[in-house]
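A.B. asks: Single-letter residue listing:
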Amino acid sequence: MFCLRPPCDPSKFVADAVKNIPPSGIRRFFDLVSGLEDIISLGVGEPDFITPWHIREMCIHSLEKGQTSYTSNYGLPELRDELTKTYYRRYGLNYDPSSEVLITTGVSEALDIAVRTVVNPGDEVIIVQPSYVAYVPSVVLAGGKPVIVSTHRDDEFSLTAEALKPAITNKTKAIILNFPNNPTGAIMTQEELEDIADLIVENDLFVISDEVYECLTYGSKHVPFSSLDGMKERTIMLNGFSKAYAMTGLRLGFAMGSPEIIHSMMMIHQYSMLCAPITAQIGAIEALRNGKDEMERMVREYDRRRHFIVNGFNKIGLECCNPKGAFYAFPYIGNTGLSSSEFAERLLDEKKVVTIPGDVFGEAGEGFLRCAYAASIDDIRKALDRMGDFMDGLKQ
Amino acid sequence: MDEKVRHILEILENDARATPEEIASLIDMSAQEVSQEITKLEETGIIRHYKTIVDWDLVGENYVYAVIELKVTLERNQGYQAIAERIYKFPEVRSVRLLSGNYDISLTVRGKSMKDVAFFVAEKIATLDQVQSTSTHFVLKTYKEDGVILHEPETIKKLPVSF
Chain A
1 MFCLRPPCDP
11 SKFVADAVKN
21 IPPSGIRRFF
31 DLVSGLEDII
41 SLGVGEPDFI
51 TPWHIREMCI
61 HSLEKGQTSY
71 TSNYGLPELR
81 DELTKTYYRR
91 YGLNYDPSSE
101 VLITTGVSEA
111 LDIAVRTVVN
121 PGDEVIIVQP
131 SYVAYVPSVV
141 LAGGKPVIVS
151 THRDDEFSLT
161 AEALKPAITN
171 KTKAIILNFP
181 NNPTGAIMTQ
191 EELEDIADLI
201 VENDLFVISD
211 EVYECLTYGS
221 KHVPFSSLDG
231 MKERTIMLNG
241 FSKAYAMTGL
251 RLGFAMGSPE
261 IIHSMMMIHQ
271 YSMLCAPITA
281 QIGAIEALRN
291 GKDEMERMVR
301 EYDRRRHFIV
311 NGFNKIGLEC
321 CNPKGAFYAF
331 PYIGNTGLSS
341 SEFAERLLDE
351 KKVVTIPGDV
361 FGEAGEGFLR
371 CAYAASIDDI
381 RKALDRMGDF
391 MDGLKQ
Chain B
1 MDEKVRHILE
11 ILENDARATP
21 EEIASLIDMS
31 AQEVSQEITK
41 LEETGIIRHY
51 KTIVDWDLVG
61 ENYVYAVIEL
71 KVTLERNQGY
81 QAIAERIYKF
91 PEVRSVRLLS
101 GNYDISLTVR
111 GKSMKDVAFF
121 VAEKIATLDQ
131 VQSTSTHFVL
141 KTYKEDGVIL
151 HEPETIKKLP
161 VSF
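Protein chains in written order, with our numbering: chain A, 1 to 396; chain B, 1 to 163.
Please note that a few of the clues may not be correct.
[Claimed, not checked] Pairs of lysine to aspartate or glutamate residues, derived as EDC-like cross-links and limited to a Cα-Cα distance of at most 16 Å, are as follows:
{"hint": "1", "chain 1": "A", "residue 1": "221", "chain 2": "B", "residue 2": "3"}
{"hint": "2", "chain 1": "B", "residue 1": "158", "chain 2": "A", "residue 2": "37"}
{"hint": "3", "chain 1": "B", "residue 1": "144", "chain 2": "B", "residue 2": "55"}
{"hint": "4", "chain 1": "B", "residue 1": "157", "chain 2": "A", "residue 2": "48"}
{"hint": "5", "chain 1": "A", "residue 1": "315", "chain 2": "A", "residue 2": "389"}
{"hint": "6", "chain 1": "A", "residue 1": "352", "chain 2": "A", "residue 2": "385"}
{"hint": "7", "chain 1": "A", "residue 1": "145", "chain 2": "A", "residue 2": "123"}
{"hint": "8", "chain 1": "B", "residue 1": "112", "chain 2": "B", "residue 2": "21"}
{"hint": "9", "chain 1": "B", "residue 1": "158", "chain 2": "A", "residue 2": "46"}
{"hint": "10", "chain 1": "A", "residue 1": "232", "chain 2": "A", "residue 2": "194"}
{"hint": "11", "chain 1": "B", "residue 1": "157", "chain 2": "A", "residue 2": "392"}
{"hint": "12", "chain 1": "B", "residue 1": "51", "chain 2": "B", "residue 2": "145"}
{"hint": "13", "chain 1": "A", "residue 1": "382", "chain 2": "A", "residue 2": "46"}
{"hint": "14", "chain 1": "A", "residue 1": "351", "chain 2": "A", "residue 2": "37"}
{"hint": "15", "chain 1": "A", "residue 1": "315", "chain 2": "A", "residue 2": "385"}
{"hint": "16", "chain 1": "A", "residue 1": "173", "chain 2": "A", "residue 2": "233"}
{"hint": "17", "chain 1": "B", "residue 1": "112", "chain 2": "B", "residue 2": "61"}
{"hint": "18", "chain 1": "A", "residue 1": "165", "chain 2": "A", "residue 2": "198"}
{"hint": "19", "chain 1": "B", "residue 1": "112", "chain 2": "B", "residue 2": "85"}
{"hint": "20", "chain 1": "B", "residue 1": "4", "chain 2": "A", "residue 2": "296"}
{"hint": "21", "chain 1": "A", "residue 1": "165", "chain 2": "A", "residue 2": "204"}
{"hint": "22", "chain 1": "A", "residue 1": "232", "chain 2": "A", "residue 2": "198"}
{"hint": "23", "chain 1": "A", "residue 1": "65", "chain 2": "A", "residue 2": "48"}
{"hint": "24", "chain 1": "B", "residue 1": "157", "chain 2": "A", "residue 2": "37"}
{"hint": "25", "chain 1": "A", "residue 1": "382", "chain 2": "B", "residue 2": "3"}
{"hint": "26", "chain 1": "B", "residue 1": "157", "chain 2": "A", "residue 2": "379"}
{"hint": "27", "chain 1": "B", "residue 1": "144", "chain 2": "B", "residue 2": "116"}
{"hint": "28", "chain 1": "B", "residue 1": "4", "chain 2": "B", "residue 2": "28"}
{"hint": "29", "chain 1": "B", "residue 1": "157", "chain 2": "A", "residue 2": "46"}
{"hint": "30", "chain 1": "B", "residue 1": "51", "chain 2": "B", "residue 2": "116"}
{"hint": "31", "chain 1": "A", "residue 1": "173", "chain 2": "A", "residue 2": "123"}
{"hint": "32", "chain 1": "B", "residue 1": "158", "chain 2": "A", "residue 2": "379"}
{"hint": "33", "chain 1": "A", "residue 1": "351", "chain 2": "A", "residue 2": "392"}
{"hint": "34", "chain 1": "B", "residue 1": "158", "chain 2": "A", "residue 2": "48"}
{"hint": "35", "chain 1": "B", "residue 1": "158", "chain 2": "A", "residue 2": "123"}
{"hint": "36", "chain 1": "A", "residue 1": "173", "chain 2": "A", "residue 2": "204"}
Hints were generated in silico from the structure; no laboratory data involved.
Next up, chain A with everything else stripped away, as it sits in the complex:
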């Protein structure tokens, strides 16, 4: 057919902010893995457990009843109520369900709108790396400038005031914290967090605290950042239902903060999402009301796997400290002479074991490997055997 109008290159229409988003290292691995057979994956970021039946059953029943309409922008009142009651019970935190809670479509959305609520173009936002892959892109998209602060193996990847201080300038607006941490599994104790809180107040900063792994701590209780003295007004606390209740695909998260901040987040949320999925919200209410035993059982199972995998890594010559949270082990592979990417790619290629190279999570992750123990003991055992063979092969 004869064309009168000339063709165009659509990519020229893409906004600069989006063009500036760094490519995702994990996506690359997803492409490498697809189509391969007999793989054992330690490369996931979600539980291998299925959402407990009582939660699914409640969701199904609500669909059968026809509960499929919009909810309030802030989320179902019963859910916000249960959440604030849970936080009071667990941590003595007092959040007002009617104005200090926002239910979102996954913690991913809560993170995105938290950043957009707080960051003006040009604002510096401190990101503690190794970090979850979405923090830098969120800040870039909001027009902010990510400033990286690294954590180290010697401190078991906790954030120190010494590391944080030099990164703060008069342009610093906020810091994104994630403890328990993806990918390192690190947690921060009350004392360690108090040091950070002092700096936050001194420099009048805001905190976005991603606490999705709050329920997954081993041997110590999680300390919400907003529970520290003077931190509640300065903190948006993010959490969700994906990790503790294996509801990843149901997409449900929440933010808690002062009424002014939550209202501002809602101003974006009401237009971009309108409301989180009602089915997921109903499931979440059930999870909070009746899901404690099952959740605690899952945590104990993770604890056993954690023990197993860390010992396994140390036995095959990969130094791995004992992570106290989340479901990731972060062994050091630097002694092998390979970079993280080389190690992970060769391991995948030669032994069909999927792990995620640490540099995907920032430069501070170079030399490490993120290995999720969100897999059965059998799979972890097989993966360790194959990795042991791989390590033997490297020695030759």
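Starting from the known structure of chain A, fit chain B onto it as the hints suggest.
C.D. replies: Coordinates of chain B only, in the frame set by chain A:
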């Protein structure tokens, strides 16, 4: 309860064949300590018994199971213990429970055929002095036994890589 003991019990309840070495690799204890703890748990009766759940249908051994409900009269100065003992001593009786509701005792009986089971109930259970009435229900199919699902559940596929 000690957290480590809870771990040991959960592991064994799920897999009675887990060895002390395997259990030790999952918790912060040596294999010897695990062995010692298991012995203690066995001696105190906390670990009552180790069991294998067999799907006999697959071997062609088509056992017949029945659930029988009994109404009993208690003899003077005797609780339910005496009649329960009388009943559970029969090897055909796989379980005996005291229930609330319309019936007093519920048993599960296993036999080689429906006729066998019916005969057992009629000759051995119904004839007991204390048994007022029986109600026999034959088991047509067992889907789940003591926490174990007996057919192959569909495995859910998850993405091998995610953030």
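A.B. asks: Confirm or reject each hint.
C.D. replies: Results of checking the hints against the structure:
| no. | hint | result |
| --- | --- | --- |
| 1 | A:221 <-> B:3 | holds, 15 Å |
| 2 | B:158 <-> A:37 | holds, 14 Å |
| 3 | B:144 <-> B:55 | holds, 11 Å |
| 4 | B:157 <-> A:48 | holds, 10 Å |
| 5 | A:315 <-> A:389 | holds, 12 Å |
| 6 | A:352 <-> A:385 | holds, 12 Å |
| 7 | A:145 <-> A:123 | holds, 6 Å |
| 8 | B:112 <-> B:21 | violated, 40 Å |
| 9 | B:158 <-> A:46 | holds, 9 Å |
| 10 | A:232 <-> A:194 | holds, 13 Å |
| 11 | B:157 <-> A:392 | violated, 32 Å |
| 12 | B:51 <-> B:145 | holds, 12 Å |
| 13 | A:382 <-> A:46 | violated, 20 Å |
| 14 | A:351 <-> A:37 | holds, 11 Å |
| 15 | A:315 <-> A:385 | holds, 11 Å |
| 16 | A:173 <-> A:233 | holds, 15 Å |
| 17 | B:112 <-> B:61 | holds, 8 Å |
| 18 | A:165 <-> A:198 | holds, 11 Å |
| 19 | B:112 <-> B:85 | violated, 23 Å |
| 20 | B:4 <-> A:296 | holds, 14 Å |
| 21 | A:165 <-> A:204 | holds, 13 Å |
| 22 | A:232 <-> A:198 | holds, 13 Å |
| 23 | A:65 <-> A:48 | violated, 29 Å |
| 24 | B:157 <-> A:37 | holds, 14 Å |
| 25 | A:382 <-> B:3 | violated, 27 Å |
| 26 | B:157 <-> A:379 | holds, 15 Å |
| 27 | B:144 <-> B:116 | violated, 24 Å |
| 28 | B:4 <-> B:28 | holds, 8 Å |
| 29 | B:157 <-> A:46 | holds, 13 Å |
| 30 | B:51 <-> B:116 | violated, 25 Å |
| 31 | A:173 <-> A:123 | holds, 6 Å |
| 32 | B:158 <-> A:379 | holds, 14 Å |
| 33 | A:351 <-> A:392 | holds, 12 Å |
| 34 | B:158 <-> A:48 | holds, 8 Å |
| 35 | B:158 <-> A:123 | violated, 38 Å |
| 36 | A:173 <-> A:204 | holds, 8 Å |
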